[in-house]
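**Q** Sequence:
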Amino acid sequence: MIDFSQFARPELAAMKPYEFSVETGLIRLDSNESPFDWPPELKEALGWELQAVPFNRYPGRLRLEVQRLIADMHGVGPEQVVMGNGLDEVITMLMQAFGSGRRVVVQKPSFSEYKAAALVQGACLVEVPLGPGLRVEVESLAAAASDEPCIVMLCNPHNPTGGRVSSEQVEALVKATRSLIVVDEAYVDFSGDSALRLLEAYPERLVVLRTLSKAFGMAGVRLGYSISGAELAQELEKVRQPFNLDCLSLAAAKVGLGCVWRRDEAVAAILAERARMEEAMDAMPGVKRLPSSANFILFEVGEGDAAPVWERLKRRGVMVRRFPSEPALRRYLRVTVGTPEENDAFLAALREGGAER
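Residue numbering for the sequence shown follows numbering that gives the first Met the number 0, beginning at 0 and increasing consecutively.
Warning: the hint list may mix true and false statements.
[What the hints assert, rightly or not] The calculated lysine to aspartate or glutamate pairs, modelled on EDC-like cross-linking and capped at a C-alpha distance of 16 Å, are:
id, residue 1, residue 2
1, LYS313, GLU22
2, LYS15, GLU138
3, LYS253, GLU40
4, LYS174, ASP146
5, LYS114, GLU10
6, LYS114, ASP87
7, LYS287, ASP263
8, LYS174, GLU138
9, LYS107, GLU136
10, LYS313, GLU341
11, LYS107, GLU138
12, LYS287, GLU277
[What the hints assert, rightly or not] Pair by pair, the computed Cβ-Cβ distance ranges are:
id, residue 1, residue 2, range
13, PRO307, GLY74, 42 to 52 Å
14, GLY191, SER145, 24 to 34 Å
15, SER111, GLU310, 14 to 24 Å
No wet-lab data here; the hints were simulated from the structure.
All C-beta atoms in this analysis are idealised placements derived from N, C-alpha and C, irrespective of residue type, glycine included.
With the sequences and hints as input, model every part of the structure.
**A** Here it is, written out as structure tokens:
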């Protein structure tokens with residue numbers, strides 16, 4: 000028998016497949032999803048939109064429509080927008096186009112897809128620890144980039160801490176390096192300070208990433224995109240798979256982008272709930288939270304491992320995120336802001352024994 004491992008790439012040996020829990024009967028506050036599903040009338044509108052979609056044809060025209068809607072929303076040209084099957088694919092495209100054999104600087108800890116995509120493309124990964132108090136420090140990223148052109152991945156607001164840096168600090172990072180600066184703004188709708196204003200000045204060295212999964216409440220649609228200078232976007236288009244977005248996702252995106260007011264209402268509701276949760280958590284002994292500019296809260300539950308607290312919350316029917324493979328986050332858990340009822344259940348579970356040692 001031929002051993003398949005002889006064909007496996009050595010750089011993938013330490014990697015594990017991504018796993019997503021599908022346990023039922025739990026309040027899911029572990030994936031940073033929006034708590035607000037589409038109302039019936041919006042789903043009905045999607046049904047009418049699909050009536051005009053030819054399923055036997057590749058979705059070229061519909062793709063251009065959605066691309067223009069995104070461009071108009073941000074005040075850029077459609078040639079500056081590159082769309083992917085979720086932001087994960089866009090990150091992979093960035094590594095395919097620019098990362099192979101090159102240094103990729105990432106924060107540690109940060110969104111895991113940066114590391115995975117870089118390793119798969121054979122990049123040289125440079126992990127920069129967060130600063131004291133799990134603070135994002137652009138100075139450390141700039142120092143790691145040095146004078147050699149590389150890719151710097153900046154998650155802003157940062158996942159999983161919820162911290163952020165200002166657009167002025169992002170510009171300082173661009174100026175301090177000769178690198179391609181990629182700013183992942185998946186959660187920017189919850190903070191308001193975007194690096195998009197810098198694109199005109201740095202069209203060839205700045206990429207801003209966005210998604211419909213968070214504030215738009217369309218995680219199931221799987222559509223993310225990059226915004227950059229047109230020439231840089233053209234390089235990404237070279238590695239994009241033809242027809243990488245199906246007609247169902249594009250039709251849903253078209254309907255959702257036509258209701259931007261729903262995003263604004265959802266963001267306002269989530270911010271109000273986040274503030275309420277923060278106030279309640281601040282009053283709990285043994286719980287110490289980090290300031291958040293996102294739709295989640297990272298909190299510390301004592302000096303030991305957070306696993307027992309995670310287990311107690313789960314037994315009480317609430318699922319939050321723990322980070323067993325990140326030593327810096329051993330004492331921390333992350334909770335997504337849910338509906339008022341979901342948040343009440345979480346706060347009650349945490350108050351009634353979740354943070355007991």
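**Q** Looking back at the hints listed earlier, which ones does the structure fail to meet?
**A** 2, 7
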